[in-house]
Each structure stands twice: as structure tokens, then as C-alpha cells.
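Undergrad: Under full-length UniProt numbering, read the sequence shown as residues 1 to 309, first letter to last.
Please note that a few of the clues may not be correct.
Stated by the list, open to error - Taking lysine-lysine pairs in the DSBU-like style, the calculated list, with each CA pair at most 30 angstroms apart, reads:
(1) Lys287 x Lys36
(2) Lys306 x Lys138
(3) Lys306 x Lys137
(4) Lys244 x Lys121
(5) Lys138 x Lys121
(6) Lys121 x Lys137
(7) Lys36 x Lys306
(8) Lys244 x Lys287
(9) Lys36 x Lys137
Since the hints were derived computationally from the structure, they do not count as laboratory data.
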Amino acid sequence: MNISALAERIQSIRTTDVTDTGAGLIVRDSRTPYLKLYIHPAGVFRSRWEYPQPNRRGRIPGLTDADLATVAEIPRRTIDLGMFRLPDDLDAATEMIRRHLDRQAFQIAPHRLHHPMPRRKVMEAYRDLTDDLMDRKKADRERRIREQRAVQARGGRKIAPESDREPSADELERAARAARDERDRDVRIARNRAAIANALATADGPSLIAAFVIDELDLITGNTAVFHVEQRVDYGSHDRSLIKEAAVRLSSTRVALTTENRERLEMVLDTLLDLVNRVPDRVLAAKHMSRRAYAPALALIAWWLKRSA
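Required output: the full structure, derived from the provided sequences and hints.
TA: What follows is the structure in C-alpha cells.
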């Protein structure tokens, strides 16, 4: 394989940096700074996460304390993703490299796979996440409505007329408070997404989704009984009885969904699908699972929406 020509093509990928060592190529991606691809002239490449030793202050750039604790447990601070053979065609080889980098950037990085939080905390994170996502959706909708009304009030002009009026102190304070609230919400969303993703990346991740479904059912039906259903989730278990229970409860409960209920369930389904797809392939393989294991629990939400259409 023409390594120099391949290097030029890989370099054209916006996020990559390529080093020609003379014995092959080393490819880095700005989205995954601790992932390296070693490409051999024979047409194979090895993909590996490599973490350096902490600096004198005990830090590794870009990693949190929880990330550092996870890295400390990784043998030799290296995770080998395996060796792959490249197609002979340069375009096809470049596309294979690009897809591999995209997939690693999309899935949860090894240092982000922390020990899952206690189940009760995960359920709290789920409730906070769904509430925050719905609040953000509502705020975005209200912002678009205000913008449309402003355009209509100006006779269709998209640029506001010049105004000499300075905003009042109250208006400035409200705007600053809204900006702070939005930043805080985004931080909470990222933190809670990470907590749920780590819990889903366990053997009983599918049952956790079933627990979320039952929680949504209780919320919509106004069931005030406390079942502590999350206590039946065992991170090390492959028991799927909770999925069957969620299916039985859904099929035996008839409740009309409001527009807001439907929006919430659609958002829940989209969010959980995204998080399940981010569970690393190597994690699933280590737990003798496939991504299909999550399908029955996710299908409950889709079935619920379809039944109530």
C-alpha cells in the first residue's frame, strides 16, 4: 500500500493529524486525544487507547477525577481495540479509517466508563435528565414563537429596527439569570446523561430501561405508590424479568396520552436509543451481549406510542 498517498488522504479528514514515522503512520483525532491508530505499510492498522502517566500534580489533561480513577484501573493504561485489514483501494481504506474514528468518537471513551452510581441515584438522574430535556424543548419552542411574533410585528422584516432605548436593569438581570439557568441546565444534562450511560453499559442495562418505562407509566397514570422498581436492577445480572413485567403493566393499563406525554415519550426513546448506541462494542462483547439485548425494552416505548396514536 502507498502509505504516503494514504497519509495525504487521511490528513484531509478535518479532525485528524497524521505522523509518518518511516515505518508506518500514526493517526490521531482531535475528538479522541488518547486514541491512536498505527497503520503498517502491509495494509493493516491497530487501534489503541493509550493514557499517559499523570503529571506532577496528579492530572491528565482533559480528564476529571472520576476519569483518572477509571484510568488507574486499566492494565498498563492501554486498551487495544484490535487489528484491522485495510482495503487495497485508497478511497475505501480512507473511508474505513474515517468510519472507525467516527465510531470511537461517538461511543463512550474508556476513561468515561465509571463505576455505575447506586440504582436510586441513576433513577434520580433519569428523572432530572428527562425534566431538563423537556424544559429545554419548551424553552426552545417559546423562543421560536417569540422570534416569529417579532418578525410578524415588523411586517416580515428579519432585522429589528435600530432603537436608542437601553435595556433596563431588570431586563439585563432577567437575561443574565436566564443565561445562567441555561448553562446550569446544560451541565446537569451532560452529567446525568453520563450517569445513565454508565448504568446502561452493564449486564442489566436492558432491565434499567424497563424500570424507566415503569417509572414513566406511573408518572403518566398518576400512580403515587412507591415500588422502588429500580432496586430490582442488578448491574451484574442478565435477568430480564423486569422487561416482561413492564410489558404486562403497559398492556393492562389504558390511558390516553396528551400531546405533552407523547413529546416526553418520544424524547425518552430518542435519548435512550442514542445512549445505547454509545455503549462501546468491546464492553458489550466482554459482557457476552449484543446491542439487540436492549431492543425489547426500547420496543416497549415505541409500542406504547403506536398504541396510543
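Undergrad: Each hint needs a verdict: does it hold in this structure or not?
TA: Here's how the hints hold up against the structure:
1. Taking the CA atoms of lysine 287 and lysine 36, the gap is about 25 angstroms. The hint holds against a cut of 30 angstroms.
2. Under the criterion of a C-alpha separation no larger than 30 angstroms, the hint pairing lysine 306 with lysine 138 is consistent with the structure, at around 23 angstroms.
3. Annotation: proposed proximity of lysine 306 to lysine 137 holds, straight-line Cα distance about 22 angstroms (limit 30 angstroms).
4. As the CA atoms of lysine 244 and lysine 121 are separated by approximately 24 angstroms, the hinted pair is consistent with the 30 angstroms bound.
5. Of the supplied pair hints, the one linking lysine 138 and lysine 121 holds, its CA atoms being roughly 26 angstroms apart against a limit of 30 angstroms.
6. With a C-alpha separation of about 24 angstroms, the suggested pair lysine 121 and lysine 137 falls inside the 30 angstroms cut-off, and the hint holds.
7. As the CA atoms of lysine 36 and lysine 306 are separated by approximately 44 angstroms, the hinted pair breaks the 30 angstroms bound.
8. Simply put, lysine 244 and lysine 287 have alpha-carbon atoms about 21 angstroms apart, close enough for the 30 angstroms limit, and the pair holds.
9. Among the hinted pairs, lysine 36 with lysine 137 is inconsistent with the structure: their alpha-carbon atoms are about 37 angstroms apart, more than 30 angstroms.
Hint compliance for this structure: hints 7, 9 are not met, and every other hint is.
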